[in-house]
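Trainee: Sequence:
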Amino acid sequence: MPSHDISSVKEIDGRPALPRDIVRNLRNLPMTAEPRVTVYYCNLMYVTLSYVIETVTGKWLGDVLRELLWEPLGMKSTYFDLQSALDAPEHMASGYAWKSDKEEYEEIPFMTLTEVSGAGSVISNVVDYAKWVKSLIHQSGPLSGDVHKDIRTPRVFWPGEPGNGLDLQLYGLGWVRTLHKGHVLYTHSGGMHAYGAEVYWFPEVKYGVVALGNTAKCHVVEEIVGWKLIDDKLGVPEKDRADFGAKWSKAEEKLDWLYDNALDVLYPDRPNPGLPSTLSTSELLGTYYNVGYGNITLREEPHPDKPGEKILVADRPDSTWNYSMRFHHVSGDHWIVYLPAPIYGGRKYVDFMAAEFKVGADGKPSAIEIVWESRTDPMPEGTAEYKRIA
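Going by our numbering, 71 is the number at position 77 of the sequence shown; the sequence numbering is gapless.
Please keep in mind that the hints were generated in silico from the structure rather than gathered at the bench. All C-beta atoms in this analysis are idealised placements derived from N, C-alpha and C, irrespective of residue type, glycine included. Take the hints with a grain of salt, since some may be wrong.
[To be verified] In silico lysine-lysine, DSBU-like type, Cα no more than 35 Å apart, as pairs:
no. : residue 1 : residue 2
1   : Lys248    : Lys358
2   : Lys96     : Lys342
3   : Lys342    : Lys244
4   : Lys227    : Lys200
5   : Lys70     : Lys222
6   : Lys248    : Lys96
7   : Lys96     : Lys4
8   : Lys4      : Lys93
9   : Lys175    : Lys244
10  : Lys342    : Lys300
11  : Lys128    : Lys241
12  : Lys222    : Lys300
13  : Lys4      : Lys248
14  : Lys300    : Lys233
15  : Lys342    : Lys4
16  : Lys96     : Lys200
17  : Lys248    : Lys175
18  : Lys200    : Lys128
19  : Lys175    : Lys125
20  : Lys248    : Lys143
21  : Lys304    : Lys227
22  : Lys304    : Lys241
23  : Lys70     : Lys96
[Claimed, not checked] Taking CB as the label site, the calculated pair distances span:
no. : residue 1 : residue 2 : range
24  : His297    : Asp161    : 46 to 54 Å
25  : Asp75     : Ser183    : 37 to 45 Å
26  : Arg14     : Glu98     : 36 to 44 Å
27  : Asp263    : Val178    : 42 to 50 Å
28  : Gly302    : Asp258    : 52 to 60 Å
29  : Gly357    : Gly239    : 24 to 32 Å
30  : Asp258    : Pro334    : 55 to 63 Å
31  : Asp95     : Arg14     : 34 to 42 Å
32  : Ser274    : Gly168    : 16 to 24 Å
33  : His297    : Lys233    : 49 to 57 Å
34  : Gly184    : Gly268    : 35 to 43 Å
35  : Arg9      : Ser274    : 32 to 40 Å
36  : Leu223    : Ser243    : 16 to 24 Å
Could you put together the complete structure from these sequences and hints?
Mentor: What follows is the structure, given as structure tokens:
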């Protein structure tokens, strides 16, 4: 099962979406490989495990975590829902994204988190989270020795080659296991609209680092600072240290190149100029529905770069990830869809997909096919057909 993050919604028929809703929608999402053939990272699996725990215990997962982990560890500034964090005596840091056109940071609205559950609903600070990491390092209570052993046991090989000071990587119960300069390392990162976390712990060295940030690109600074602390602790010579600033610069350059060459990436053999669309943009307006991904309602807007031309736009305010869809015509019935979202704050790049409009025998639009595959974390998610319903 690929990520299918774009299918997650925060609202259904005017009510907050629950983990149960996300799990029940799995039946509508395509698998792109046979089980145990390919490793994909899928946040929806953590939502599924959250729902399992809530079903078995009869309790909200936030209460389970507080009773079993946070209270015994003295984590008094850790919460599992937005409202509790906002009501807490501690100040809740706002999230920000850099706006290149204005050359300033813009505050990003908080995420509700209810439907995200165990995939990313923990709101904490470095002081509290360090208590959790300390427990993992020393295999101390409240978890038993057997549970700690299970946490450290890898399940699968993670795709990729050694690099940036890390050996081949394995994945287990929410942790990547690898080696850094001969030392066993467990690590994981995570991010929401405008927040990010990098956590590292070395069980043999008895050392851990927790880095949290509140911008859409805070992972860059977290890695640079985190790895300086780690390599200082391990006494790694400067010449043997990975350059994480260069790593991120290279990644940004790649994303910029992909964005600048999006048409060539998706449609390398397109005619130039492109063939006319079977139907005009005004004839393509309407609401289209996919059982797994929901509704998109298209409207016209002026083309940002071509006076006199129109593009098609759909907003997804019900989506967990708060994105919109901007359809630009390429050739014939083939289009490119750009997906601007707060998670791309500070970058030229926004994700893009290939799309094709289908025309029925009556000469009217019958469906849109969108090939979902993010370029930021390459993973084919399959082709979704949105049937026109209005």
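Trainee: Given the hinted pair lysine 200 and lysine 128, is their Cα-Cα distance within 35 Å?
Mentor: Distance of about 8 Å is within 35 Å: holds.
Trainee: Can you let me know if the beta-carbon spacing of aspartate 95 and arginine 14 is within 34 to 42 Å?
Mentor: 41 Å, holds
Trainee: Could one say that the CB atoms of histidine 297 and lysine 233 fall in the range 49 to 57 Å?
Mentor: For histidine 297 and lysine 233 the Cβ distance comes to about 51 Å; the hint holds.
Trainee: Do the beta carbons of aspartate 258 and proline 334 sit within 55 to 63 Å of each other?
Mentor: 20 Å, violated
Trainee: Hinted pair, alpha-carbon criterion (35 Å max): lysine 96, lysine 4. Please report holds or violated.
Mentor: 30 Å, holds
Trainee: Taking the beta carbons of aspartate 75 and serine 183, is their distance inside 37 to 45 Å?
Mentor: About 22 Å separates the Cβ atoms of aspartate 75 and serine 183, which means 37 to 45 Å is violated.
Trainee: Take a quick look at whether lysine 248 and lysine 358 sit within 35 Å of each other, Cα to Cα.
Mentor: 39 Å, violated
Trainee: 32 to 40 Å was suggested as the range; check whether the CB atoms of arginine 9 and serine 274 agree with it.
Mentor: Cβ of arginine 9 to Cβ of serine 274: about 37 Å, so the range 32 to 40 Å holds.
Trainee: CA of lysine 175 to CA of lysine 125, is that 35 Å or under?
Mentor: Measuring from Cα to Cα gives roughly 25 Å; hence the hint holds.
Trainee: Taking the CB of leucine 223 and the CB of serine 243, does the distance hold inside 16 to 24 Å?
Mentor: 21 Å, holds
Trainee: Between the alpha carbons of lysine 304 and lysine 227, is the straight-line distance 35 Å or under?
Mentor: Violated, at about 57 Å.
Trainee: So does glycine 357 sit 24 to 32 Å from glycine 239, Cβ to Cβ?
Mentor: 56 Å, violated
Against the hints set out earlier in the document, violations occur for numbers 1, 12, 14, 16, 20, 21, 22, 23, 25, 28, 29, 30 and 32.
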